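Student: Could you build the full structure based on these sequences and the hints that come with them?
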Amino acid sequence: MTEKSSPSPAAGGSRRIQAVPVDGAGYRFELMETFVRIVEAGSLSAAAVQLHTTQPTISRRLQALENSLGMRLLQRTTHTMRLTVDGERCFKQAKELLASWAAFEADLRGAQEEPDGLLRVAVPHAFGQQRFVAPLAQFLRDYPRVSVEWLLQDEVRDFVGSGIDCAIQVGEPTDPGVVAIRLTKVPRFVVAAPSVLSGADVPADPDALAALPWLALRTYYRTELALTHATTGDTRRIPIRPRITTANLYALRSAALLGVGACVGSSWMLADDLARGDLVHLAPEWQAAALPVYLTYPHAQFYPSRLVRFAAMMREAVPALVEGRDG
Numbered sequence: 005m006t007e008k009s010s011p012s013p014a015a016g017g018s019r020r021i022q023a024v025p026v027d028g029a030g031y032r033f034e035l036m037e038t039f040v041r042i043v044e045a046g047s048l049s050a051a052a053v054q055l056h057t058t059q060p061t062i063s064r065r066l067q068a069l070e071n072s073l074g075m076r077l078l079q080r081t082t083h084t085m086r087l088t089v090d091g092e093r094c095f096k097q098a099k100e101l102l103a104s105w106a107a108f109e110a111d112l113r114g115a116q117e118e119p120d121g122l123l124r125v126a127v128p129h130a131f132g133q134q135r136f137v138a139p140l141a142q143f144l145r146d147y148p149r150v151s152v153e154w155l156l157q158d159e160v161r162d163f164v165g166s167g168i169d170c171a172i173q174v175g176e177p178t179d180p181g182v183v184a185i186r187l188t189k190v191p192r193f194v195v196a197a198p199s200v201l202s203g204a205d206v207p208a209d210p211d212a213l214a215a216l217p218w219l220a221l222r223t224y225y226r227t228e229l230a231l232t233h234a235t236t237g238d239t240r241r242i243p244i245r246p247r248i249t250t251a252n253l254y255a256l257r258s259a260a261l262l263g264v265g266a267c268v269g270s271s272w273m274l275a276d277d278l279a280r281g282d283l284v285h286l287a288p289e290w291q292a293a294a295l296p297v298y299l300t301y302p303h304a305q306f307y308p309s310r311l312v313r314f315a316a317m318m319r320e321a322v323p324a325l326v327e328g329r330d331g
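For what it's worth, the numbering used here labels the leading residue of the sequence shown as 5, then goes sequentially.
Mixed in with the good hints there might be a few duds.
Stated by the list, open to error - Below, computed lysine to aspartate or glutamate pairings styled on EDC-like, alpha-carbon distance capped at 20 Å:
1. 96 to 37
2. 189 to 327
3. 189 to 289
4. 189 to 205
5. 96 to 44
6. 96 to 34
7. 189 to 37
8. 189 to 158
9. 189 to 159
10. 96 to 179
11. 189 to 100
12. 96 to 176
By construction, these hints were calculated from the structure, which means they are not laboratory data.
Here the structure is a predicted model, which is why all the values come from computation and not from measurement.
Tutor: Structure follows, in structure tokens:
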């Protein structure tokens with residue numbers, strides 16, 4: 005293999021090499037799958053064990069993938085291995101492609117199957133107590149042979165150990181061993197009861213928010229708040245001094261309604277309070293970062309039709325529910 009002449013890359017960078025086409029879509033798919041397994045396993049030898057093959061075979065597949073793409077994906081020494089910049093991009097997109105293909109295969113296999121059996125679903129308390137119960141009820145009406153164990157918990161550390169089939173997760177997934185389907189994003193903004201303003205006008209400048217009493221949601225903000233202008237993209241960091249810090253959205257909302265302080269809340273939860281005037285939108289041109297919502301489940305060779313159908317239903321139902329346009 006002859007490399008193109010180029011300056012030495014910076015640490016963590018990538019070197020471009022002459023691309024060599026690889027014949028066969030199936031073989032290219034196998035190369036991507038091997039690359040993802042190498043990264044997740046942490047070494048070529050560990051990937052070889054997991055894929056029931058030899059380390060030289062894994063090494064040849066990695067080299068073939070790099071040749072076909074014309075770029076280095078991994079920087080390797082005797083004792084270390086790390087992704088290049090191109091490798092990071094390839095890993096992310098390859099994982100998404102493999103997950104999409106797995107879901108596509110499972111959907112085709114399960115298209116003629118009537119879903120049945122038990123589905124165990126973990127759901128955050130904020131969504132699982134009320135908001136997502138309506139689509140769950142519709143799912144059970146559509147598939148009467150399925151039963152669901154609806155587990156209210158904000159985090160799943162071990163799908164296999166806890167026997168959970170899938171989970172609704174707020175925030176970016178950190179577990180490389182799961183399939184993650186983005187369902188929607190949760191818009192968030194600052195609100196307070198009118199009494200918190202003590203008769204003053206609603207502040208338009210986010211810097212004015214620092215003087216207010218505050219409620220903190222410790223999962224996402226505690227002593228500082230980042231707000232971004234909806235039009236310009238300018239970001240401000242606002243120091244806050246919370247009167248109450250909690251991890252529960254319902255407690256946060258209740259305290260806000262009682263006038264204890266200002267808070268950052270989710271649009272789906274606060275829409276009715278804002279419409280009634282019980283809460284007011286502060287610095288309305290500024291927003292906290294929207295939170296992504298995912299459906300996650302562990303990688304597997306086959307997925308039962310009850311899981312495939314549930315995932316499809318949630319992809320359709322969740323966006324309107326979370327953005328506050330429904331019920």
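Student: For each hint, tell me whether it holds in the structure or not.
Tutor: How the hints compare with the structure:
For the hint pairing residue 96 with residue 37, the CA-to-CA distance comes to about 12 Å; that is within 20 Å, so the pair holds. Pair hint residue 189 plus residue 327 holds up; C-alpha atoms about 8 Å apart against a cutoff of 20 Å. Note on residue 189 and residue 289: the hinted pairing holds, with a Cα-Cα distance of about 18 Å set against a maximum of 20 Å. For the proposed pair residue 189 and residue 205, the alpha carbon gap of about 30 Å is over 20 Å, so the pair is violated.
With a C-alpha separation of about 11 Å, the suggested pairing of residue 96 with residue 44 holds against the 20 Å cut-off. For the hint linking residue 96 to residue 34, the alpha-carbon distance of about 16 Å falls within 20 Å, and the restraint holds. Between residue 189 and residue 37, the direct Cα distance comes to roughly 29 Å. Violation of the 20 Å bound is thereby established for this hinted pair. Among the hinted pairs, residue 189 with residue 158 is consistent with the structure: their alpha-carbon atoms are about 17 Å apart, no more than 20 Å.
Of the supplied pair hints, the one linking residue 189 and residue 159 holds, its CA atoms being roughly 18 Å apart against a limit of 20 Å. A distance of roughly 13 Å separates the Cα atoms of residue 96 and residue 179; the hinted pair therefore holds under the 20 Å criterion. As the CA atoms of residue 189 and residue 100 are separated by approximately 18 Å, the hinted pair is consistent with the 20 Å bound. A distance of roughly 13 Å separates the Cα atoms of residue 96 and residue 176; the hinted pair therefore holds under the 20 Å criterion.
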